[in-house]
Each structure stands twice: as structure tokens, then as C-alpha cells.
Amino acid sequence: MSTKELRKSFSPSYFALEDILASQTRVPCKTEMNLANCGFLDPSQENKDLAAGTQVELPIWAARVMSKQKRAFVSLRMPKFYSESYREVLKAEPAVVDLNKMGPHYYQSALQLCTLPSDEADKIAESLPDILQKRVIAMADSYSLHRSVKSTDDISNQLGNSLKFHNMDPLEVEIFNNSKNASEELDDWLRS
Amino acid sequence: MSGMYGEIALELIKELDRHKGKLPPFQENELRQALDEMQILFEQNQRDVSMNIPGNPEFLAALHLRHAALERNKQCILAYLYTRLKVITDLRWDHGPVIPAEVRANMTEQEVQFFANYNKTLANYMGSLGENHGLDLTQDLKPPKTLMVEIRVLQDYGEFELEDGTSVLLKKDSVHFLPMSQCEALVQQKIVEVVQKQKSLHQK
Amino acid sequence: MAGQFERMDTENGTGGSASPDTFGRSDEEAEETVTMTPRELLTKLHTAWMNERLAPDLLPPQIEEIECMLELLRNMEVNTAKLEKKDIRLGVHKMEVDRIRYLISSYLRIRLAKIQEYCWDLQTKENTRNSQAPSLMSPEEQKFLKEYIENLESHLKNMGTQHMPRTMQALQPQTMSTSSNLDSFLFLRVSQDSSIIVDDADGREEEVSLEAGSQHIIRYRPVAKLVPSGSVDLV
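Protein chains in written order, with the working numbering: chain S, 1 to 192; chain D, 1001 to 1204; chain A, 2001 to 2235.
Rather than coming from a laboratory, the hints here were simulated on the basis of the structure.
Zero decoy hints are in this set.
Pairs of lysine-lysine, BS3-like flavour, derived with a Cα cap of 27 Å:
1) D:K1020 <-> A:K2157
2) A:K2125 <-> D:K1120
3) S:K91 <-> S:K101
4) A:K2146 <-> A:K2157
5) S:K91 <-> S:K80
6) D:K1190 <-> D:K1171
7) A:K2143 <-> D:K1086
8) D:K1120 <-> A:K2143
9) D:K1086 <-> S:K180
No experiment lies behind these values; they were computed from the predicted model shown.
For reference, chain S alone in the conformation it holds in the complex:
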């Protein structure tokens, strides 16, 4: 109870489970030189070494170290779901997209991806606030129309085209639950 009373703020933490999970997201990389003893990174081949020009997927935490050297061991591009074409879809119809499929930690991973050396990093960072904002508005609109709804299962049935619960990223779920609880507590207090 004690630490739950703190206003939750969105800052990175060494111990935060979500940060650790988000940094496991896989990043497509290409080796820039022969990497000795790294053959195990490519499960499709048996060599001890990893030849230059090989495509491998590395989790963000490994991609970061391998790409940020003076002479980078790998070059990288952003994962599929953060590419230009997917970003366009999100920009056009933010509320419809199933972010869970693109996740499982879309926003958190995005924040980490932005710290990687890539041309796309800035564009991804710019796109995030807009996406989140539009989806939260869609969430709020549906919720206020369905105040009598008790469970989140009901909501996903009734929302139609609006933001479906099972499409929500964990961050959005948390925003949703916090707002719902605050709203219910206010109602209780006003009624009593």
C-alpha cells in the first residue's frame, strides 16, 4: 500500500520489469564484419563465426552494444512494426489497430528503440505522442458512453469500432484502469 500511494510516473528504472521486458524486443541487424565466436547468434547455420553481411535478430539490449561502437559490429534497422508503412497505418486510423499484436510492449519498446543509432529513431519518437493521444481519446469516448459497463469484457463487446480492450497495449490498459478507478471512486464519494 505504501508505495502504491505514489503518483506513478513514466520514468525508466533499472529495476522496472516493463523496461527489462521491452528491451528484449528483437531488432533486425546486419553484421559489418566477421564476428569471431558469434556463430551461435544465427541458429540457421553451424559455423563458429558469424560472417560479415549476415542478417541476425538481436534483442535491443544486445543490439545497442553491438551497434554503438566506434567501429560498429552491426548495423540495424527498426523492427517491422515500427517501419514507415506501419507508422502510416497508425497515423491514419490509430484507434483501430491491435497494438498487442505489434507488441507486446509497443510504447516501451519504442522508447528504447529511439536510443539506437538509426535514421528512423527520431521519426518513431515523433509519432508516439500522437498515436497515444488519439487512442486514449477513443478509449475515453467509448467509456463515457458505456458508464454502466462493469467489466472490461463487456466493453470489448460493445465498443464496435472504438478502441477494443484486447487491442490495448499494457500502457493503455494501465491508463484505462487508473481512469476507471478514479472515476468510480469519485462516483462512490459523491453518492455516499
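Based on the hints, put chains D and A in the right spot on chain S.
Positioned in the frame of chain S, the structure of chains D and A alone reads:
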């Protein structure tokens, strides 16, 4: 991506995340395996360094990768231990100074000791308040809106003495009308449950 | 709150007060005696509580005020106990006592939560603070922090780092330290004309004046310094 480092340590984190704020059993096996992996990585790096290999950039990659994996494992292990301690700390506030049996079953001896130490630190602090008269910060968790509350007794408790000196017999299933502030501890320990909130005598 | 809060004080007098209408702390060790009415004390604590709830970081402690209020509370409880069970004032007095106790408890709880959450950050601040500057914590809170960290670190070492390779064993406060998000946005009401430095769109620093009576939604960081003095209130 089979054979990637840090997979086992990550399992610790995933398990905690799945349980969302509750304490699952301690995964001693996985912890030990993650520590073993750290030892292997460390020794591989030491061998590479002692063979004077670092001169050649091709061999540097593996060194960096292993080091990153060492840091990753360390972070996962520490986050696992720390997050469990946070859940255990919250226990003190949600359930009082006695650990519920079903949670205790999932705790290691060291975690039980941590809880006891935390309890003591908290008690010392609370006791120092008000010029050592003390103030129990684990009470008064909600702003008082009601004066009296109707409660139902969940288990036989016996005589409960109220602050004004009178006492009431808390027999299982009996219902009583008692001052809110004096019921809080009983509600927390699940001896009674609130039936209905009463309106306060003075409405705003 | 009903007026009998002050009436109770005048009926019974409280420790250390010079006159029936004021509550003073005439502690020999205090450099000056601050007197204020119980109502003023309660308002001050209410503001401190609101600010502490809303501010991302730990604010300066209201040590004297809390101790005063606790003493006042004890007297109120004694007096309430003296009333007849059937006395109509009993319920109302009890209500006020409960309210004040809630205020103090909540305030101190939030501080403990912050101390726990940002423990390494606070420890570093405390260790690097120059001895003239006041601490962010009361002596008892500092003791709590010290014991809390010892308990935490000893566990992390025994269960974790002690079993790791030699060069990985260090527990580094800078790495583990979480600090609160000073860039969170808050609602602010300005009570005194003040000015703050903000970064404008080009990254240059700019002085912005805040007029008394105005309200803003603003990031916490630029206004953090103004909160303790009361020039701005968080709402």
C-alpha cells in the same frame, strides 16, 4: 534466436510480471542457472583476454556481447530480487505485521528475515513520532467519512473491548454497529467484514 | 471544520502556549518560537499534505508543525475521552480527531513511500549535501532511510551479487537509483508573484513571470524551487 544469452534470467522477470504484484514461489533453480551462465561468460571473457586476442577487432565483438550479457543477467537477477522485496514490503501495509500463511509459503528464509527487519525499522520510526508517543501509520488509511459502521463477524473472536470501556462479544455471524476507527484492525485481519457504510452524522 | 477546534484549545490550554488563543512551541532548543493558531497550523499542514501528494519528489519536511499537531491531537483525544458517552459533542470531536490523524498519517506515509522508492537517490543527496543546507528528511526519516537501504542491500548481496563473478559484484547506487520524473505535468496555482526560468522553443533559457492568482499546467521541474516557500501551490 536459440542460444542467446540471458534467456533464463528473463524467465524470472516474466514469471514475476505474470503474477502482477503477487508473490509466486521463489525460483531457486532458474536463479542458480542464471548465476551459472554469468560465471561461464566471465570465464570465457577472461580466457579471450588472457590470450591477447583483443588486438583483433573481429574478436572484440564476442567480448562486448558477453559483457552485455553479464550486465543483462545481473540486472534481471537484481530486478527479480528487488521486485519481490517490494511486494513483501507492501505486505506490511496491506496485511499488517503477520505474514499470511499462503504468502509465507512462497518466501525464502532470507525474505522472511527482510520482512522482519522492515517491520522493525518501520516500528522504530512510527514509535518516534509525537515525541515518542508513537503514531501507527498503518491505520487511518482512508479519510474518515463515516462515524459508525455495521460489521459482520467472520470468525469467533470473543470479547472485544471498545475505547469507551464497554465490550462487545464478537461471535461468528453476529452483526454489530461499531465506531469505524476501532474496526479497522479487525477488518484488515479479516475477523469482521463491513456490511454497510453509514452516513456520517454531519453531512457537508 | 467546526469552531470547537479552537474552543477546545482555549478550554484546556496546550503545552507550551503563551496565551489561550495561540499554540506556541517554546522549546529551548528552537531559535525562535513560532506561534500560530491551531487553525493556521492545520491549514499549513493541509497545504503541505497536498503538495507532498502531488509533487514528484520529496519536499522539505514540516517537522515542527507535525510535532505540534501531534501534541495538539493528543490533547484533543484526552479531552474527548473526558466527555460523557452520551454527550452530543463526542461524535463531532471524534470526527475531527480522526480527520487530523488521517491528514498527518497520510502525509507521513507518502513521505515514507517516496523515501523507499527513491532511496539511493536520496542517500546520495544526503551524503553530498553541504552541512549548512537543511536535509530533505527529518532525523527519524534519515534513520529509516539508512536502515531501509542496509536491509535492502544486504539482501541483494546475499541472494545475488555475492554469487556473481568478482568484477560484477558491485552494487552501484548510481545505476540503481530511481529518481522521480521531474518533468511530469502538474496543475499549479500561483499565490505570490514569482518568476521561473524555462527553456524556450530554441533551447535558450528564458525568464517567465508568474502572476499571483494565475493558474497553469506546467512541468514540475522549473517550478520545483517555488513549492516549499509557498509561492506556488500544487492543486
